[in-house]
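Protein chains: 2
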Amino acid sequence: MDNQKNLEELKSLLGEVSDLNNANAVLGWDQATYMPSGGAPARGRQMATLATVAQEKLINPKIGHLLDDLQKYEESQPFDSDDASYIRVARRDYERALKIPPAFLGELNEHGANSYQAWTEARPANDFSKVRPNLEKTLDLSRQLADFFPGYEHIADPLIDFADYGMKAASIRTLFADLRANLVPIVKAITSQAPADDSCLRKHYPEAQQAEFGADVVRQYGYDFNRGRIDRTPHPFMTSFSIGDVRITTRVKEDFLGELLFSNLHEAGHAMYEQGNDSAYEGGPLAGGTSAGVHESQSRLWENVVGRSRGFWEHFLPKLQAKFPEQLKGVSLDTFHAAINKVEKSLIRTDADEVTYNLHVMVRLDFELQLLEGSLSIRDLPEAWHERYEKDLGVTAPSDSDGVLQDVHWYGGIIGGSFQGYTLGNIMSALFYNEALKAHPEIPNEMKQGRFDILHNWLKENIYRPARKYTAPELVRRVTGNDLTIEPYIQYLKTKYGELYSL
Amino acid sequence: MDNQKNLEELKSLLGEVSDLNNANAVLGWDQATYMPSGGAPARGRQMATLATVAQEKLINPKIGHLLDDLQKYEESQPFDSDDASYIRVARRDYERALKIPPAFLGELNEHGANSYQAWTEARPANDFSKVRPNLEKTLDLSRQLADFFPGYEHIADPLIDFADYGMKAASIRTLFADLRANLVPIVKAITSQAPADDSCLRKHYPEAQQAEFGADVVRQYGYDFNRGRIDRTPHPFMTSFSIGDVRITTRVKEDFLGELLFSNLHEAGHAMYEQGNDSAYEGGPLAGGTSAGVHESQSRLWENVVGRSRGFWEHFLPKLQAKFPEQLKGVSLDTFHAAINKVEKSLIRTDADEVTYNLHVMVRLDFELQLLEGSLSIRDLPEAWHERYEKDLGVTAPSDSDGVLQDVHWYGGIIGGSFQGYTLGNIMSALFYNEALKAHPEIPNEMKQGRFDILHNWLKENIYRPARKYTAPELVRRVTGNDLTIEPYIQYLKTKYGELYSL
Numbered sequence: 001m002d003n004q005k006n007l008e009e010l011k012s013l014l015g016e017v018s019d020l021n022n023a024n025a026v027l028g029w030d031q032a033t034y035m036p037s038g039g040a041p042a043r044g045r046q047m048a049t050l051a052t053v054a055q056e057k058l059i060n061p062k063i064g065h066l067l068d069d070l071q072k073y074e075e076s077q078p079f080d081s082d083d084a085s086y087i088r089v090a091r092r093d094y095e096r097a098l099k100i101p102p103a104f105l106g107e108l109n110e111h112g113a114n115s116y117q118a119w120t121e122a123r124p125a126n127d128f129s130k131v132r133p134n135l136e137k138t139l140d141l142s143r144q145l146a147d148f149f150p151g152y153e154h155i156a157d158p159l160i161d162f163a164d165y166g167m168k169a170a171s172i173r174t175l176f177a178d179l180r181a182n183l184v185p186i187v188k189a190i191t192s193q194a195p196a197d198d199s200c201l202r203k204h205y206p207e208a209q210q211a212e213f214g215a216d217v218v219r220q221y222g223y224d225f226n227r228g229r230i231d232r233t234p235h236p237f238m239t240s241f242s243i244g245d246v247r248i249t250t251r252v253k254e255d256f257l258g259e260l261l262f263s264n265l266h267e268a269g270h271a272m273y274e275q276g277n278d279s280a281y282e283g284g285p286l287a288g289g290t291s292a293g294v295h296e297s298q299s300r301l302w303e304n305v306v307g308r309s310r311g312f313w314e315h316f317l318p319k320l321q322a323k324f325p326e327q328l329k330g331v332s333l334d335t336f337h338a339a340i341n342k343v344e345k346s347l348i349r350t351d352a353d354e355v356t357y358n359l360h361v362m363v364r365l366d367f368e369l370q371l372l373e374g375s376l377s378i379r380d381l382p383e384a385w386h387e388r389y390e391k392d393l394g395v396t397a398p399s400d401s402d403g404v405l406q407d408v409h410w411y412g413g414i415i416g417g418s419f420q421g422y423t424l425g426n427i428m429s430a431l432f433y434n435e436a437l438k439a440h441p442e443i444p445n446e447m448k449q450g451r452f453d454i455l456h457n458w459l460k461e462n463i464y465r466p467a468r469k470y471t472a473p474e475l476v477r478r479v480t481g482n483d484l485t486i487e488p489y490i491q492y493l494k495t496k497y498g499e500l501y502s503l
Numbered sequence: 001m002d003n004q005k006n007l008e009e010l011k012s013l014l015g016e017v018s019d020l021n022n023a024n025a026v027l028g029w030d031q032a033t034y035m036p037s038g039g040a041p042a043r044g045r046q047m048a049t050l051a052t053v054a055q056e057k058l059i060n061p062k063i064g065h066l067l068d069d070l071q072k073y074e075e076s077q078p079f080d081s082d083d084a085s086y087i088r089v090a091r092r093d094y095e096r097a098l099k100i101p102p103a104f105l106g107e108l109n110e111h112g113a114n115s116y117q118a119w120t121e122a123r124p125a126n127d128f129s130k131v132r133p134n135l136e137k138t139l140d141l142s143r144q145l146a147d148f149f150p151g152y153e154h155i156a157d158p159l160i161d162f163a164d165y166g167m168k169a170a171s172i173r174t175l176f177a178d179l180r181a182n183l184v185p186i187v188k189a190i191t192s193q194a195p196a197d198d199s200c201l202r203k204h205y206p207e208a209q210q211a212e213f214g215a216d217v218v219r220q221y222g223y224d225f226n227r228g229r230i231d232r233t234p235h236p237f238m239t240s241f242s243i244g245d246v247r248i249t250t251r252v253k254e255d256f257l258g259e260l261l262f263s264n265l266h267e268a269g270h271a272m273y274e275q276g277n278d279s280a281y282e283g284g285p286l287a288g289g290t291s292a293g294v295h296e297s298q299s300r301l302w303e304n305v306v307g308r309s310r311g312f313w314e315h316f317l318p319k320l321q322a323k324f325p326e327q328l329k330g331v332s333l334d335t336f337h338a339a340i341n342k343v344e345k346s347l348i349r350t351d352a353d354e355v356t357y358n359l360h361v362m363v364r365l366d367f368e369l370q371l372l373e374g375s376l377s378i379r380d381l382p383e384a385w386h387e388r389y390e391k392d393l394g395v396t397a398p399s400d401s402d403g404v405l406q407d408v409h410w411y412g413g414i415i416g417g418s419f420q421g422y423t424l425g426n427i428m429s430a431l432f433y434n435e436a437l438k439a440h441p442e443i444p445n446e447m448k449q450g451r452f453d454i455l456h457n458w459l460k461e462n463i464y465r466p467a468r469k470y471t472a473p474e475l476v477r478r479v480t481g482n483d484l485t486i487e488p489y490i491q492y493l494k495t496k497y498g499e500l501y502s503l
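Heads up: the protein sequence lines correspond to chains X and S, in order.
1 is the number of the first residue of the first sequence in our numbering; add one for each residue after it.
1 is the number of the first residue of the second sequence in our numbering; add one for each residue after it.
Next comes chain X alone, as it looks inside the complex (with noise of 0.2 Å):
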């Protein structure tokens, strides 16, 4: 009775802080899509006013007596019922906020929008000293947050387990030296022999018939466009202001048709995991997606797992041939597949295939250790980074512009935490596809006429819809029965790339 009481008042008290920070990522949309340059101070301001009272709402003392009170009704009722779970992560994240001074969030965010915009600048402009200044404050302010969760072994472990919670800076060491270990003789393997032919998609290819070639392959996804829309950005992203309305943007080259077409199956990914949460969550902390990985899993097997099979584009390429016939004339399957999956050792991550990819991330893991730990400074970032990436990746980059001004996150958000999820995300993709697999196996003849229902609903049922109810760490054991395993990765790739290398 009282407890319904409770709930409902906290059910309320929670609806505000949700509204405010949907709406604060409108103003990051609109930041990002349509503002003109002269409204970017404001914009800064205002959504480091909103995060602010965020904040504030969040930590109001009424919020922690009703959890207290409603601890007995948590334990009264079955771990994975809704009002259980509301209760148990609402006081999770109401932990979590207590620490954090409402207006150090306020700083970490008007800095993070203005650091964006000089990053806007900056990265066109080849210029990191542009962004220096604020990168350093960055790292400081990212030392500060970590700093009000005290008793951490590594100092980034607060900031990992922010975006992947239940993770360690040492847990993941360990997970990507064992990958590592088994990529690298992978990579070595394909990059010795001569690379795919890739010509047929390096031709010219008109943006607006991309853009409705990549708008229709997502639809036929399932990406719902009543619920959702497609702008275009410099980095593509995902963003959602309701359950009603997720976002994705995108970006094209007129020169290469892999960008806008791989971006959008890669973002529709992310949009159908937050379009598909469960409409009973709309407003409240169990919406959205429960970390950082899991998202990530699934934007990567919507655009690789998926997007790049051979069984899909035994559907697709002959309609992607009838949108461009001269371009695509005689290309094969067989050779349209090589050309989507070639493995190089390359400069950009975000154009990076799927076998070389972590090796991006893995430096990137390394570097946010090491700038948190102070073994790094700013100072010496660019110069680390050409040295890295001959290193790592055998190749070496004409600018910064192309090596660390590369990637948004770190100018428009914390160092610490960024980069871990894209390769738990590429673990995951493959778990959680064979599960798939295991459960209907009829998903890859689907696939192969342009159909996704069967896939796309085990998704929603076991991913989706459960949204933050399960952490990562449960939802994994949930859906598969066990921990965290590269295993299948390891084997998707190895097969995958196996028949595609003969190797």
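Each pair may be met inside one copy or between any two copies, as identical chains are not told apart.
Straight line, CA to CA, 20 Å or less: simulated EDC-like cross-link-like pairs of lysine to aspartate or glutamate:
hint, residue 1, residue 2
1, K11, E110
2, K11, E107
3, K188, D392
The set of hints was computed from the structure by calculation and includes no laboratory data.
Position chain S relative to chain X; hints supplied.
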């Protein structure tokens, strides 16, 4: 010493309020431009939350104490000093806000968002019944809002006062009666003649070129695209998120050249007002426009007094003909000038010419007063609308879409105080232009060369920069030396239309 500290603290608190309101404006802009339909329910809730939180922050008793502490300082400073003006305007806003419960404002805002959404469907469907329950609630909420300000003569007075400080139902009725007595003979004299030929505007004008030309003209006016942009909405509007980000929207008809062009000129007039605010007022109560009427005076000045003048088209007609050589071949300046100033009794306010426009406004004012008094019901409104249009404008609407559903105002806001500003704006557009001419008789010649610097700078100095520092009545007295009068406006109409129609 303490005064400066108190003033800083006041500015910091009110800066938060401004940030929340500006963030809400971004949400409103997005709702009208790009939001997918699925986003509507959450958006209504989010906008309500932002409005409620802004109101909570504004009625913070700390603000009241700071205002009390600053009263002596305010009195010691010149009336038109920035500090005294800041405190004076902040106090007026604060005292008004104190009377409105935050939860009420939240409800009003959420209702407005839902009601707006319903209107976007009801108007194309010509289905008043879809919005009738909304409108009944709007009327109820509007009355409640007025009742938070007891002691009024007419229930509309508080609502009129929000938009046009210092005006009341009675004073507007007197002013409008006087205006009507002057307008009706002019309308009669014109409409007894053969209508002007505007067929040159009613050809096929492709959207892209219209948009280019429309953007070029407002750029030449002085609308700053680094601090603004133009998007498309069903109902054009101006909205401002900061002095550095003031956006307009427009709409296009490919079979009517006047639609996009004059929407642009109108909204750019609004926008240049806010772009021209003293930058020191950014993020505080002095920024913005001082009243609906003064705001409208700027849109009407740039749309009509400038944009429909013969001198303006001496410069721009050749440019327009270069853009549309086929459509405008052989069209003389006289023909074009007569076409864009065609006077006729018509159905749609936003399409109405300068002379009959005010008759449309008077219909709406009377309905607002009657609805609020209770002498007219929402149920009877569609029929009353048709009757009144037949009587006052001699036209019969084929549908409610072109009747009671034509204007967004009541469907997204309140009933009361929404329309008088348009006619006050018309009156003041001539008043202010007259004063600019007295100071700079060379303005008409400048305009004939497609330059607007002298006029724009005079407006900036006298109207835009002071922003909300002076109330509308104060501003009119400062600029003209007298109280508001309709004489210059009547004179303007008589001269212009006397020549056009040889009256």
